[in-house]
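Participant: Protein chains in written order, with my numbering: chain A, 1 to 251; chain B, 252 to 887.
Keep in mind that the hints are not guaranteed to be accurate.
[To be verified] Capping the alpha-carbon separation at 27 Å, the derived lysine-lysine pairs in DSS-like fashion look like this:
| hint | chain 1 | residue 1 | chain 2 | residue 2 |
| --- | --- | --- | --- | --- |
| 1 | B | Lys611 | B | Lys534 |
| 2 | A | Lys143 | B | Lys622 |
| 3 | B | Lys513 | B | Lys470 |
| 4 | B | Lys470 | B | Lys764 |
| 5 | B | Lys587 | B | Lys470 |
| 6 | B | Lys587 | B | Lys513 |
| 7 | A | Lys143 | B | Lys513 |
| 8 | B | Lys470 | B | Lys770 |
| 9 | B | Lys513 | B | Lys622 |
| 10 | A | Lys110 | A | Lys227 |
| 11 | B | Lys611 | A | Lys143 |
| 12 | A | Lys190 | A | Lys110 |
| 13 | A | Lys206 | A | Lys190 |
| 14 | A | Lys143 | B | Lys363 |
| 15 | A | Lys227 | A | Lys143 |
| 16 | A | Lys206 | A | Lys143 |
| 17 | A | Lys110 | A | Lys217 |
| 18 | B | Lys832 | B | Lys849 |
| 19 | A | Lys164 | A | Lys143 |
| 20 | A | Lys217 | B | Lys622 |
| 21 | B | Lys363 | A | Lys124 |
| 22 | B | Lys343 | A | Lys124 |
| 23 | B | Lys622 | A | Lys206 |
| 24 | A | Lys227 | A | Lys206 |
| 25 | A | Lys217 | A | Lys190 |
| 26 | A | Lys164 | A | Lys206 |
| 27 | B | Lys366 | A | Lys124 |
| 28 | A | Lys164 | A | Lys217 |
| 29 | A | Lys217 | A | Lys227 |
| 30 | A | Lys206 | B | Lys611 |
| 31 | B | Lys611 | B | Lys513 |
| 32 | B | Lys611 | A | Lys217 |
| 33 | A | Lys110 | A | Lys143 |
| 34 | B | Lys366 | A | Lys143 |
| 35 | B | Lys622 | B | Lys534 |
Quick caveat, the hints were computed from the structure, so don't treat them as lab data. These figures come from a predicted structure and were not determined experimentally.
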Amino acid sequence: MAYDAQFRVWRGDDTAGDLHDFTVQVNEGEVVLDVIHRLQATQAPDLAVRWNCKAGKCGSCSAEINGRPRLLCMTRMSTFTEAETVTVTPLRAFPVIRDLVTDVSFNYTKAREIPSFAPPPGMKPGEPRMAQVDVERSQEFRKCIECFLCQNTCHVVRDHEENKTAFAGPRYFIRLAELDMHPLDQLDRKNAAQEQYGLGFCNITKCCTEVCPEHIKITDNAIIPMKERVVDNRYDPLVWLGRKITRRGAD
Amino acid sequence: MTDIERHAYDVVVIGAGGAGLRAAIEARSQGLRTAVICKSLFGKAHTVMAEGGIAASMGNANANDNWQVHFRDTMRGGKFLNHWRMAELHAKEAPERVWELELWGALFDRTKEGKISQRNFGGHEYPRLAHVGDRTGLELIRTLQQRIVALQQADFAEYGDYEAKLKVFAECTITELLREGPDGGIAGAFGYWRESGRFVVFDAPAVILATGGIGKSFKVTSNSWEYTGDGHALALRSGSTLINMEFVQFHPTGMVWPPSVKGILVTESVRGDGGVLRNSEGKRFMFNYVPDVFRAQYAQTEEEGDRWYEDPEHNHRPPELLPRDEVARAINSEVKAGRGSPHGGVFLDVSTRLPADEIKRRLPSMHHQFKELADVDITAEPMEVGPTCHYVMGGVEVDPDTEQAARVPGLYAAGEVAGGMHGSNRLGGNSLSDLLVFGRRAGAAASEYVSAMSDSRPAASQSDIDAAAARALVPFEHEGGENPYTLHQELQQTMNDLVGIIRRADEVRDALKRLEDLKERAGRVSVEGHRQFNPGWHLALDLRNMLLVSECVARAALEREESRGGHTRDDFPQMSPEWRKVNLVCSTDGNEVRVERKPLPVMPPELLGLFDRAELRKYLTEEEVAVLGAEVEETH
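Start from the sequences and build out the full structure, keeping to the hints where you can.
Facilitator: Structural data, given as structure tokens:
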């Protein structure tokens, strides 16, 4: 049933800001985004927030609710008690633009650095044949809605701006794993995963997996297998020897 | 106004959903400098919401499928009001467009032979939808997004600049198109950065509209906030025309509870994979709602319908898989007759039809969505569903081969913003294929248009740019005026109640009166705060588009005195063969919306011949069918 909730919402821009208190009505079945919309319609018309689908499919409305990275549209008000104050703040790992909107361009920059899908040269449209079991591994990672909650929560960059140049983050580790496990892809990105995208920074604390709204097993199914493949590739003496020989042969 | 940020491109694409991205990929591949402008972040477009799949007659699941069968299903779904040439091109080219996605990295679900799997859907004779679980739209967007990145990487290798030939301008809203004089070609577009509120002008001789639909004018909708009819309104205001605006698709299955999620889509795949609709008495009511035109193609008994899933060759499909307009009306009638579910919908049950693991595998997003938003476990209990505004069949009047918009040289439209392809009702799965087929065609045609141009390109006048800037700032001039959020809610209520799934002349007239009043009040709208990321201001500007497009819907709905597809008139319940020959064309002089009648393009006899005569007689006039008779006799 409807009740009045206490909300604290961070408002400000790249220069300054603070938490603002609101008392706002909440109705049965609502999510936090509904309440933010009610604030816009009744008390704070210029409150900035990103959102699109309101169905957990587009990954736009990422923010932190009581300090936890969440999608505003998938956080139901019934998960809080009526007496609880709900605090909504912008993603911490990215620079604030205004209110709950942050500059997430870091992610688009990283996306562009990873070499794209490379099918076998000369493959014709309609030609690929792949077994369901073989595509399923990469399909799990392609469920990603790019909400960037994993990027936001990862302690390698959350409070360490200096690591950002050398670290692509969990979202792009699953992209690397997706391409590595893609039945058609021909390119080897394993060395690059280690050397350019900072896979080695990850010490598998699984915070990314915990916040993923799509329940992708980022650490277990992407990062750990990629770490193993990197190790196989770089440190297996037979592979190392084979690489030496073929390289020499090519010369 | 002198130092407005300016960018010059060969082709500007407005919208970054499936159609926009496919158009941009094509234009860039033809060597043109291309910009994509979108209101949201790159990769967030409404296309991600598409669940079921992409319709393409690849014949992987049933070898009898081919483009002719797909064409036939599309025309039937649209109740023969489709532009035949668009339906033909769409059916012919969809398979190539799907296969091409695979070479760009898409991973569709597979058949046992390792081909792309295809699933059943409403109105499609064979399993035809290429899919990835129930998140096909996301796969489509991600694949196109990654293809754009791949092209940018190629440009980086060649020019040292990722954005040398193709750039995405995200979180940027276009408010006006610019032409060289009132009758000249397209000269560009005017807009603002959402983040800073600063204005920006794009100089370009070709603009492709790929802005999607209009659903945000309705209260109960599956559409996101972006769907404010921007492209429809931009086309109209720049002098082009819209057709078929009276046809709005209400998807039969949206969530109905809790109230805050009312309207969110429940994919048709639930029914395609065996889910059934029941009323409060437990009855599969769809068997009572099979219209005459479809009687021969659907099962008469539950037993036959159930057998069809295993043996489609010897049984007819269950009526739960009728085209969407039929199912939506049936649900509406059941609820009105007092046989609805507790929250005003009907029951959609897949829990008694498939094992729990199979449901989770085939419908993971639905399982997730109901669990998280409604506390309903769809593997154990039925869902409650009801109609939700989902898609507008109407849109910019375009040339079917080039997507060139009527009356404005250099303007193109593709995807939901374009009209004609789907006639009076779109089949599920035909939207994603539409985006790809006509997105590519628009990109190619715009490139050809620009390439053939001399060096002197159309130029926008400074006075037009100044006027566009002044118009965008009007909401800041008033103080204590109308609240844009309130106006938006009133508009949504009006359209939902008076121009919704069932319409009557007196109600639509009432709606037009209210729209007039809202339009007047929208002139006095005021916003608080400043221009930096100000949602109140953004809504105030979007409102203008929603009001204009809503007026088109209402005027066309009042004019068409018959019921067909996504337009049901309580006072004219029959489908009329005479009205089938008519398209309603909307235009505006800046103040009023005009609706004119225009003959529907006539389908050539070789396509007409794909249908049997008895079926054609249900839709066409005797004279039209007679044409076919004469032709057939001549060829024999």
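Participant: So, for every hint listed, does it hold in this structure?
Facilitator: Against the structure, the hints come out as follows:
Between Lys611 (chain B) and Lys534 (chain B), the direct Cα distance comes to roughly 26 Å. Compliance with the 27 Å bound is thereby established for this hinted pair. Between the alpha carbons of Lys143 (chain A) and Lys622 (chain B) the distance comes to roughly 18 Å, so the proposed pair stays at or under 27 Å and holds. For a cut-off of 27 Å, the pair hint linking Lys513 (chain B) to Lys470 (chain B) stands: about 9 Å separates their Cα positions. About 18 Å separates the Cα atoms of Lys470 (chain B) and Lys764 (chain B), which keeps this hinted pair within 27 Å; it holds.
About 19 Å separates the Cα atoms of Lys587 (chain B) and Lys470 (chain B), which keeps this hinted pair within 27 Å; it holds. At roughly 18 Å between alpha-carbon atoms, Lys587 (chain B) and Lys513 (chain B) fall within 27 Å of each other, so this suggested pair holds. At roughly 24 Å between alpha-carbon atoms, Lys143 (chain A) and Lys513 (chain B) fall within 27 Å of each other, so this suggested pair holds. Pair hint Lys470 (chain B) plus Lys770 (chain B) holds up; C-alpha atoms about 18 Å apart against a cutoff of 27 Å.
A hinted pair counts as satisfied when its Cα atoms are at most 27 Å apart, and Lys513 (chain B) with Lys622 (chain B) qualifies at roughly 15 Å. For a cut-off of 27 Å, the pair hint linking Lys110 (chain A) to Lys227 (chain A) stands: about 19 Å separates their Cα positions. The hinted pair formed by Lys611 (chain B) and Lys143 (chain A) meets the criterion: a straight-line CA distance of about 14 Å does not exceed 27 Å. At most 27 Å may separate the alpha-carbon atoms for a hinted pair to count; Lys190 (chain A) and Lys110 (chain A) meet this at roughly 16 Å.
Our distance criterion of 27 Å between C-alpha atoms is met by Lys206 (chain A) and Lys190 (chain A), whose separation comes to about 21 Å. Restraint check for Lys143 (chain A) and Lys363 (chain B): the C-alpha separation of about 22 Å stays at or below 27 Å, so the hint holds. With a C-alpha separation of about 21 Å, the suggested pair Lys227 (chain A) and Lys143 (chain A) falls inside the 27 Å cut-off, and the hint holds. A threshold of 27 Å between alpha carbons decides the hint, and for Lys206 (chain A) with Lys143 (chain A) the separation of about 18 Å falls inside it, so the pair holds.
Note on Lys110 (chain A) and Lys217 (chain A): the hinted pairing holds, with a Cα-Cα distance of about 21 Å set against a maximum of 27 Å. Annotation: proposed proximity of Lys832 (chain B) to Lys849 (chain B) holds, straight-line Cα distance about 8 Å (limit 27 Å). Of the pairs offered as hints, the one joining Lys164 (chain A) and Lys143 (chain A) holds, with about 24 Å between alpha carbons and a cut-off of 27 Å not exceeded. Between Lys217 (chain A) and Lys622 (chain B) the alpha-carbon distance is near 19 Å, which keeps this suggested pair within the 27 Å criterion.
For the given pair, Lys363 (chain B) sits about 20 Å from Lys124 (chain A) by alpha-carbon distance, which is consistent with the 27 Å threshold. As the CA atoms of Lys343 (chain B) and Lys124 (chain A) are separated by approximately 18 Å, the hinted pair is consistent with the 27 Å bound. Restraint check for Lys622 (chain B) and Lys206 (chain A): satisfied, since their Cα atoms lie roughly 24 Å apart, inside the 27 Å limit. Distance hint between Lys227 (chain A) and Lys206 (chain A) is fulfilled; the C-alpha atoms sit about 14 Å from each other, no more than 27 Å.
About 20 Å separates the Cα atoms of Lys217 (chain A) and Lys190 (chain A), which keeps this hinted pair within 27 Å; it holds. Note on Lys164 (chain A) and Lys206 (chain A): the hinted pairing holds, with a Cα-Cα distance of about 19 Å set against a maximum of 27 Å. Restraint check: the Cα-Cα separation between Lys366 (chain B) and Lys124 (chain A) comes to about 14 Å, which is no more than 27 Å; the hinted pair holds. The hinted pair formed by Lys164 (chain A) and Lys217 (chain A) meets the criterion: a straight-line CA distance of about 23 Å does not exceed 27 Å.
Distance check on the hinted pair: Lys217 (chain A) and Lys227 (chain A) sit about 15 Å apart at the alpha-carbon level, within 27 Å; holds. Restraint check for Lys206 (chain A) and Lys611 (chain B): satisfied, since their Cα atoms lie roughly 24 Å apart, inside the 27 Å limit. Restraint check: the Cα-Cα separation between Lys611 (chain B) and Lys513 (chain B) comes to about 23 Å, which is no more than 27 Å; the hinted pair holds. Under the criterion of a C-alpha separation no larger than 27 Å, the hint pairing Lys611 (chain B) with Lys217 (chain A) is consistent with the structure, at around 17 Å.
With a C-alpha separation of about 19 Å, the suggested pair Lys110 (chain A) and Lys143 (chain A) falls inside the 27 Å cut-off, and the hint holds. For the hint pairing Lys366 (chain B) with Lys143 (chain A), the CA-to-CA distance comes to about 21 Å; that is within 27 Å, so the pair holds. Taken as a hint, the Lys622 (chain B) and Lys534 (chain B) pair is honoured in the structure, with Cα atoms around 25 Å apart against an allowance of 27 Å.
In this structure, every one of the numbered hints holds.
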